[in-house]
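**Student:** Under the working numbering, the residue at position 65 of the sequence shown is numbered 277, and the numbers go up by one with no gaps.
Hint data in this document are derived by calculation from the structure and do not stem from the laboratory.
All clues stand as given, with none of them false.
Quick list of simulated restraints, FRET-style, between CB atoms: (1) ARG308 with GLY282: 28 to 36 Å; (2) PRO293 with VAL259: 16 to 24 Å; (3) ILE253 with SER309: 27 to 35 Å; (4) GLY244 with PRO268: 19 to 27 Å; (5) LYS243 with GLU279: 24 to 32 Å; (6) ILE262 with ALA298: 18 to 26 Å; (7) ILE262 with GLU296: 16 to 24 Å; (8) VAL259 with SER309: 12 to 20 Å; (9) SER309 with GLY282: 27 to 35 Å; (10) PRO242 with GLU279: 27 to 35 Å; (11) ALA298 with SER263: 17 to 25 Å; (12) ASN267 with ASP297: 17 to 25 Å.
Glycine included, each C-beta is placed from N, C-alpha and C at the ideal position.
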Amino acid sequence: MGIRLPSVLLNAKQILKVQAMSAKNHSDVPKGHIAVYVGEIQRKRFVVPISYLKNPSFQALLNRSEEEFGFCHPMGGLTIPCREDAFVNLTSRLHRS
213 MGIRLPSVLL
223 NAKQILKVQA
233 MSAKNHSDVP
243 KGHIAVYVGE
253 IQRKRFVVPI
263 SYLKNPSFQA
273 LLNRSEEEFG
283 FCHPMGGLTI
293 PCREDAFVNL
303 TSRLHRS
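Construct the entire structure; sequences and hints are all you get.
**Tutor:** Structure, rendered in structure tokens:
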């Protein structure tokens, strides 16, 4: 019998695995960070700390991303379908805390 991890942690691990595979093409992502593409129509690339993956608000974005894209992201990296200003607002709050 193995240890069952909560689905959010499994999703984060799968996301990190996909990101690690695509990071070979993007050497500008520092260790401990992840590149994400944000936007509803036109997507902008952001590099954020991996620690954000633990935050409930960020996890809600990851769940929304999973619902829309599954684990096949069209940009080659994690794509988050939300408004850019909402994402910047969230990451600013996370950065301050």
